[in-house]
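> Spelled out from the first residue to the last, the chains are:
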Amino acid sequence: MSAATIANAEGRAAAASVTPELQQEIEQFLYHESRLLDDRKYEEWYALLADDLHYFMPTRYNRLRREGDKEFSGANEAAFFDEDKAAIAVRIRRLNTGKAWAEDPPSRTRHMVSNVVVRPLNDREYNVDCYYLLYRSRLEREVEIFVGMRHDLIRRAPNDSGFVVARRTIILDQAVLMARNLSFFF
Amino acid sequence: MTVFPTFSFLPGIQTLRVWHPRGPGEIEVWAWALVERDSPPEVKEAVRIGVLRTFSAGGIFEQDDGENWLEIQKVLRGYMARRQKLNLGMGLGHARTDHREFPGKINNVYGEEAARGFYSRWAAMISGEV
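Residue numbers (my numbering), protein chains in the order written: chain E, 397 to 582; chain W, -17 to 112.
None of these hints come from the bench; they were simulated from the model. The reader is advised that the hints may include incorrect statements.
[Unchecked claim] Below, in silico cross-link-like pairs of lysine to aspartate or glutamate (EDC-like), each with a Cα-Cα straight-line distance of 16 Å or less: (1) E:Lys437 / E:Asp519; (2) W:Lys26 / E:Glu473; (3) E:Lys481 / E:Asp448; (4) W:Lys56 / E:Glu473; (5) W:Lys56 / E:Glu536; (6) E:Lys495 / W:Asp46; (7) E:Lys481 / E:Glu538; (8) E:Lys437 / E:Asp500; (9) E:Lys481 / E:Glu440; (10) E:Lys466 / E:Asp569; (11) E:Lys495 / W:Asp47; (12) W:Lys56 / W:Glu94; (13) W:Lys67 / W:Glu111; (14) E:Lys481 / E:Glu536.
The whole structure should be built from the sequences, with the hints applied where relevant.
Set out below in structure tokens:
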């Protein structure tokens, strides 16, 4: 898979149909969701996930330009995350066991989101691409920074936030993961 | 299980590892999920998902291992730890060599037989004995 096929570049013409109000609405949702994660309100964040969630983070390889189509792992290959909603529930339950040592003491995270591009799929679903910068500080002096792109499918829902996340594909701009683990959510 | 020096396999979980030393204080882990070639696609998929959810960088068990690997090394660099000899005595003297099928020394998995084997072999090679 190439970067272009993973990122949702389709629908340039649809840009005109994205009103400033819609852009604002979706950005506010992304900020709210980031804030819940950074405030460690995992159950509240979980409530913003659709029942048919696919949360996917492929691995990435250092390839020559001519092998660009082999840069990302495919659907049935190695992945950092390939989760449905039930698997996310297990991960959250783990955090509350008192034995999840990678997150106890918990990481200090800050999810920053920018370059938000909204493309309506229909009247209630939106392809939303964004760039993220995730700062993570662990224990007394460990710091890790993750930078990349997210491709989300955001769906209108009858909750206080107005939306749920139905699909999240996380692209990390690293070939070898330079972190000790991935014990947090993107 | 490790085949000296850096090729490992985790039975039951079906993950293969190669641990690449990247200089002092650093290691790069290459990981695979191992499936039986002739197993049905859904079994292969279940193994793949099983490995990534348990023993991978984001796996719910290996997350904590990442912590262990780094923190143990940090502690060993401390003043007190540097004044001690590394203790690899767990299970010492309990190995057996009389298994009907399997050759070599066999000991309880919760012990340091593997570490003793690793360092003995390393010491022999580094001192030119093999």
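> Would you mind marking each hint as holding or not holding in the structure?
Results of checking the hints against the structure:
Restraint check for lysine 437 of chain E and aspartate 519 of chain E: the C-alpha separation of about 30 Å exceeds 16 Å, so the hint is violated. With a C-alpha separation of about 10 Å, the suggested pair lysine 26 of chain W and glutamate 473 of chain E falls inside the 16 Å cut-off, and the hint holds. Between the alpha carbons of lysine 481 of chain E and aspartate 448 of chain E the distance comes to roughly 7 Å, so the proposed pair stays at or under 16 Å and holds. For the suggested pair lysine 56 of chain W and glutamate 473 of chain E, the alpha carbons sit about 34 Å apart, so the restraint of at most 16 Å is broken.
Note on lysine 56 of chain W and glutamate 536 of chain E: the hinted pairing holds, with a Cα-Cα distance of about 13 Å set against a maximum of 16 Å. Under the criterion of a C-alpha separation no larger than 16 Å, the hint pairing lysine 495 of chain E with aspartate 46 of chain W is consistent with the structure, at around 9 Å. Proximity of lysine 481 of chain E to glutamate 538 of chain E is assessed by CA-CA distance (about 30 Å); at most 16 Å being required, the pair is judged violated. For the given pair, lysine 437 of chain E sits about 15 Å from aspartate 500 of chain E by alpha-carbon distance, which is consistent with the 16 Å threshold.
Our distance criterion of 16 Å between C-alpha atoms is met by lysine 481 of chain E and glutamate 440 of chain E, whose separation comes to about 14 Å. Restraint check for lysine 466 of chain E and aspartate 569 of chain E: the C-alpha separation of about 15 Å stays at or below 16 Å, so the hint holds. Of the supplied pair hints, the one linking lysine 495 of chain E and aspartate 47 of chain W holds, its CA atoms being roughly 12 Å apart against a limit of 16 Å. For the suggested pair lysine 56 of chain W and glutamate 94 of chain W, the alpha carbons sit about 20 Å apart, so the restraint of at most 16 Å is broken.
Among the hinted pairs, lysine 67 of chain W with glutamate 111 of chain W is inconsistent with the structure: their alpha-carbon atoms are about 23 Å apart, more than 16 Å. The straight-line distance between the Cα atoms of lysine 481 of chain E and glutamate 536 of chain E is roughly 32 Å, outside the 16 Å bound, and the hint therefore fails.
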